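**Q** For reference, the chains in residue letters:
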Amino acid sequence: MKSLKHRNSTPDKYMNPYLAGVLLGLVLMAAFFFSGEGLGGSGAFKDIVKTTVVKVAPEYAAGTHYFKSATELDHSPLKTWLVFEVLGILLGGIISGAFAGRLKLKLEHSPKITSKTRIIFAVLGGMLFGIGSQLGRGCTSGAGLSGMAVMSVSGFVAVAAIFGSGYLFAWFFRKLWI
Amino acid sequence: MAPIFEYNSEWNLLAALIIGIAFGWVLERAGFSTSRKLAGVFYGYDFVVLKVFFTAAVTAAVGLLVLNQMGLVYFDDVWMPTTFIAPTIVGGVIMGLGFILGGFCPGTSVCAAAIGKIDAMAFIGGIVIGIYFYAFSYEFLWEDLRKSGSIGKVKIGELMGLSEGVAVLTFIIVALLAFWMVDTIKKKYKIKDVKY
Amino acid sequence: MKKKYLIGILVFLAIGVYLALSGVKESDYVEVKPDKLFLDLVENTRYFSADEVAQMIISQDPSIQLIDVRTEKFYNKFTLNGAINIPLKDFLNPDNLAYLDQDVYNTILFSNGSSDADVAWQLATRMGYQNVFVMRGGMNNWVDQILQPTEHSVIWDRVNDQLYQYRKGASLYFGGKADDISSGDSDVKKKPKKPAVRRKKKEVEGGCG
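Residue numbers (the working numbering), protein chains in the order written: chain A, 1 to 178; chain B, 1 to 196; chain C, 1 to 209.
Okay, chain A solo, but in the shape it has when bound (with noise of 0.2 Å):
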């Protein structure tokens, strides 16, 4: 670990993958130890769009099949398990990377596309993921991992599709990525 005086000069190198996967999987145990829940990323998202649109248009709201449950609430939809989740993901991150010398405000891409490609393929990829986790309600930590992790079949079904589908085009796209 370097202090944070040192950051960017040279940053630490990744932990050993497997080492910080039996670290997520007991981070993952302890989610359903302390609280019965699994581990996930879309759902806070979901929370923040319902918050947003009972509060600007409650009546449009509880119209729709969509909203209607979250007009129903007695608190605030966003006093939520996976909001509290994802919020300490993001001050995990900051604390590692803290530690790590890896902040820094940086836009990757690869050499043979330019940054605002890198931008616009970036929020396309975002929106499918809005779109297709919703669907198979969750994502890859919320459906794939902790479903994985209660053996049940639809985690592996997520995950299949996911990687999958990833695969598939994976060849049509390369030149994002190398």
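Non-contacting residues of chain A with respect to chain B, defined by C-beta distances greater than 12 Å in every case (computed): (1) PRO58; (2) GLU59; (3) GLU72.
Partner residues are not named here, just some residues of chain B that face chain C (Cβ under 8 Å, in silico): (4) VAL62; (5) GLN69; (6) ASP76.
Hints in this document: simulated from the structure, not taken from any laboratory. Predicted model, so just to flag it, every value in this text is computed and none were measured. Idealized CB from N, CA, C, for every residue including glycine.
Put chains B and C on the given structure of chain A with help from the hints.
**A** The following block gives chains B and C in isolation, referenced to the frame of chain A:
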């Protein structure tokens, strides 16, 4: 015994925060906060995603079953998703493409944005836009699909006719084989991991 | 292969083999599925009318146990013969649940109206106890139909003289006046029955999703 904290109690939310911090810390330390490493699994130049992901899944699956044996966790008392075949597959395909285009998934994008990656922030913006679009078109485009294809809460062991313990052991073996395969590929083609 | 990896692999495989030889533990707590509960709720199969309960008491039906879910104050003031008092707030107390955890008696819950007894019924049914019923209308109905029946009440048509005697006796107990009292043992409280406890395995419900 599990879960220790009650749903939506303040302690539970605090636990969520702390668990999230640990999650984010591990993700960042493993290098999941750079899209270059994340996309590497699809192009064969960095298999960190596969290694971390499956190790975590296997560890948690084994761990939960061990906790169950010790009487600390009963599967009825914790989260267990209902399996909806069709929307999960369709959603998964969409997300796979999203991964290729964006280079992130929601959890890792938050982690990457935390250390200042601008493309991750763009990705997060995209997620929110995508969800708005989905929400407003929900009744026309998505509702029927999302509610279809349910087969209930099925474990993979049940589906394949194996007991839970045997299924987990199989999972361990399959993961080990996958790791061995990946390392062999790397040795053969002499690919180096992206360091930083 | 490095030594640390080998150790890790062996540890996982060892635990995996151990798990493969063990079964999954289930918790003792079981709960009825919501859709089954809903059917019972909607079809009102849980109700006994005050008349029916009166009939069962008069004929000293041995298959029932009456549980008064009102507060002690009400119970001590007046209750049905042989009824046990389990105030709603103490309903989940394990000692009290013992009365439900048996399949010898039909349990009839009652309160002043129907709502508290209905709540108790829902709790009991969700926990998987069967043979639990509610006296519709509760003590309010009881007073109306049994203690102070109107002239065209169905009581007069259906029940025989014994009920009339019972009613008179009860009315007297309650503090009202009675014309004639033939037998005076209607206000003898039967001792509450000892619960016949038996653990039952029921359908299992999933966790939070």
